[in-house]
Amino acid sequence: MKNRLKVLRAERDWTQADLAERLDVSRQTINAIEKGKFDPSLPLAFKASRLFGLTIEDIFQDE
Amino acid sequence: MEGFIDMSDSQKLSRRQRNQRNHRRLAGYTLVWLVSLALVYFGHRYLWDGAALVTTAMVVLNIIAGVAMMMANKKLLAGLDELEQKVQLEAMALALGAGLVGGFAYSALSQTGVLPFHAEISHLAVFIALTYLVAMVKGVKKYQ
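Line order of the protein sequences matches chains A and B.
Numbering follows the numbering used here, with no gaps: position 23 of the first sequence is 23.
Numbering follows the numbering used here, with no gaps: position 6 of the second sequence is 6.
Chain A extracted, bound-state conformation (with noise of 0.2 Å):
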């Protein structure tokens, strides 16, 4: 699954230290998801799209 988290967090000008914060995870786990290696449980999206203030689609495509 692609996503978008990088590109939102390098808007806000976060570090993935403070993402993970932020959505109360580890920051390896933020590096695992923005690599593509791990895909986030529906929670942990909701989490992100309501940190982003968007939709779980706008931040997560099915590849």
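The set of hints was computed from the structure by calculation and includes no laboratory data.
No false leads were mixed into what you were given.
Only pairs whose alpha carbons sit at most 27 Å apart, straight line, appear in this in silico DSSO-like list of lysine-lysine:
id, chain 1, residue 1, chain 2, residue 2
1, A, K6, B, K138
2, A, K6, B, K86
3, A, K37, B, K142
4, A, K47, B, K142
5, A, K6, B, K141
6, B, K141, A, K35
7, B, K75, B, K142
8, B, K74, B, K141
9, B, K138, A, K37
10, A, K37, B, K74
Take the given structure of chain A and dock chain B to it, following the hints.
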């Protein structure tokens, strides 16, 4: 050693603080469990002169400490995020499978007299622990 914390307390802590606290708790209970296990063997031989009742009581205490250790581990796992839980699950699955398969094979070799030494349960525990450690390292690297 710290007791179990309630949810309202844990929610005030950051993820890092919560995990550190859970790790410390698990380490504490593991130490208590190990010491109580060693005390069963040591005490049976040197302290209470092989009194079966005392040894049984100490084993019961050891089991209680073991249950507390398991609960602490469960709490630690619950406090991890979803990727960390996935890595742990994969490592534990591999360790369990390797322990089961390796344990029965080891037992078969021992009981048929193929092994030149006596099989010990501690060998299996070390094998499971090493399998778990290797699987954890591989799991962490896999998602880096």
